[in-house]
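Protein chains in written order, with my numbering: chain A, 1 to 541; chain B, 1001 to 1128.
Any given hint could turn out to be false.
[Unchecked claim] In the EDC-like style, the derived pairs of lysine to aspartate or glutamate whose C-alpha atoms are separated by at most 20 Å in a straight line are:
#1 Lys1044/B - Asp231/A
#2 Lys1044/B - Asp525/A
#3 Lys1044/B - Asp1118/B
#4 Lys1044/B - Glu537/A
#5 Lys1044/B - Glu1113/B
It is worth saying that the hints were derived from the structure and are not from the lab.
Remember, predicted model here, so these are calculated numbers, not experimental data.
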Amino acid sequence: MNPYLLPGLVVVVLLTVAIGAYGLRFARTTSDFLVASRSVSPSWNAAAISGEYLSAASFLGVAGLVLRYGVDVLWYPVGFAAGYLALLLFVAAPLRRSGAFTLPDFCQVRLRSVPARRLATLFVLFIGCLYLLPQLQGAGLTFRTLTGGHYAWGALLVAVVVTGNVAFGGMRAITFVQAFQYWLKLTALAVPMIFLILQWQADARPAVTPPAGAVFPAATTVVIEQDAVLDSGRAVHAGETLSFAAGDPVPTVSAVDAGFGDGWLLPGGQKSLFATYSLILATFLGTMGLPHVLVRFYTNPDGSSARRTTLVVLALVGLFYLLPTLYGVLGRIYTPQLLMTGNTDAVVLLLPEAALGHGHLGRLLGALVTAGALAAFLSTSSGLLTSVAGVIFTDLLRSGRNGSVRDFRLATLLAAVVPTGLALFVSDMDVSQVVGLAFAVAASSFCPLLVLGIWWRGLTDTGAIAGLITGGGAAVAAVLLTVLGPPLDGWAAEVIGQPAAWTVPLAFAVMIGGSLLTGRRRPDDINATMLRLHAPESLRT
Amino acid sequence: MAVDPSPLPRTRVVLADATARRDPADRTRTDLTEQTPVGEALVKGLVRAQLALALRLAAVVVAGLGTLPLLFAVAPAVGRFRVLGVPLPWLLLGFLSFPFLVGVGAAYVHWAERNEQDFTALIRRPDR
């Protein structure tokens, strides 16, 4: 095992707790816990939002997908970044001006409807759990890959650190922690990449897709993980060990789905046009509906700073996403054995040592990348937990009595128990796929609610509820079918596995239709609400 | 540094008075808050201007990025084109799309703030 690994991980956990404790010195009131008393500057806030957003799926998953499928999955990072543009164009400033802290709050402000608020609460809890679960699983899998230890310990470690930090520091502490973790994640990918590119130059720039097929760069031992057939026709069994010398061709394994040659290099080789557009729709429109993203906007002092914050986030996130693609591409050269085991999510973790050797440099950079991965699990889970706990706190616990900091801590514990329990029992779900499904649910429920609620005075509570139930409900059903149901194939797999292309238009259509039919239920104070959402703060008396 | 020889007499400043001191004849502001037809039309105008701006820039992104999968499917030759040895789709999606998105975002922030300044100037116009 890499001797630098443990110190690196311990330093990240200690720094997270220390910065959280430092933030705690300022967190005294409930307002501090929930919204950092709205005193966070745009640059801190933007780094915090980016740190919170770049999850295990971005840090590990994107590079793994690129390694496996090539150019067609570049739409994931593009969509993850473009989601912030959609958020900026349609949601950022009006949402901040609405004064809503969570999505259920927005329902209350805009629709004046308690049932709509309850329904939105359900969706926040579902999306929050759906997104939290793969983070904890990713932590467990990384722990197992690197230390050979048990999966559950990695998941539990992250769950305990995050719950403690959120419960005792709240939003104020979390802002500093998240901002620190953005820069840690960027450094953890950027610094090793400089050395990797220098190494690639020194190796006389080996081709990414050599015409004669990929070869092993060094002597490699591969442990097959599933029963399969090699392209030579030889059958292999799970647990079988294959040895290759440097320069041997890399065999393809039938049980591992991956692209090769032109199918990897050129568009359209791996995904159909329908799947590509569905993915684009889900990621472009889903970001604005993720609960942990919206909570952050309330910490801006006013609407224009919310806009500026979002623009900085877009730049920071875009800067980060330049890197995972390069890891995926170089992984094609230096870690081709991952295409045989199917463990492609580990490419970011394994590439530094595979390319730079097992000397001090390779091991140090390997430890740095792993520390970045830990930061990714910690920050996204913290943000999700804060927002889910915020919803439990405001909608479930506080009814009838004034909320206290103790209630918020109780809410945090409640919010953490369910996903942690699930993560311990379910370990075979695919990280990137589940995250993509969470985006699809958000895009088919909260995106229409926010966009129509902010820009169209005709939206009524009945229309909104009908749209949430049909569009969001259809997406939830597709998610449950994909995750729990039998494996599908053919067109059914595409329509169910990438549902956004039909659930998003469905949600919009039902919301608009339902609102037109119930025009009388439009809130009386809609003009005052529109003024509040769109007029600059300087006009308020 | 010269010391002020005769300091002005001290006055008590009460911050809450600052809001009360605003011009009572500020009719447009009243139009806005009291929901008169004039106020409603003003807000509608602002919402429409901001929405039109957002939709226009969204259309730029749809045209610039959203049409790419279709383009690659219809004209595969474009996907095989190489710039400095890098296939065009990799260059466009892996690198150039991010500065493009940031550029569109910066343009939006600039124009959206200008719309708001125009609106504020309209409300604050003294000769109404």
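Taking the hints in turn, this is what the structure says about them:
{"no.": "1", "hint": "Lys1044/B - Asp231/A", "result": "violated, 65 Å"}
{"no.": "2", "hint": "Lys1044/B - Asp525/A", "result": "holds, 14 Å"}
{"no.": "3", "hint": "Lys1044/B - Asp1118/B", "result": "holds, 14 Å"}
{"no.": "4", "hint": "Lys1044/B - Glu537/A", "result": "holds, 17 Å"}
{"no.": "5", "hint": "Lys1044/B - Glu1113/B", "result": "holds, 17 Å"}
The structure fails hint 1 only (numbered hints given earlier).
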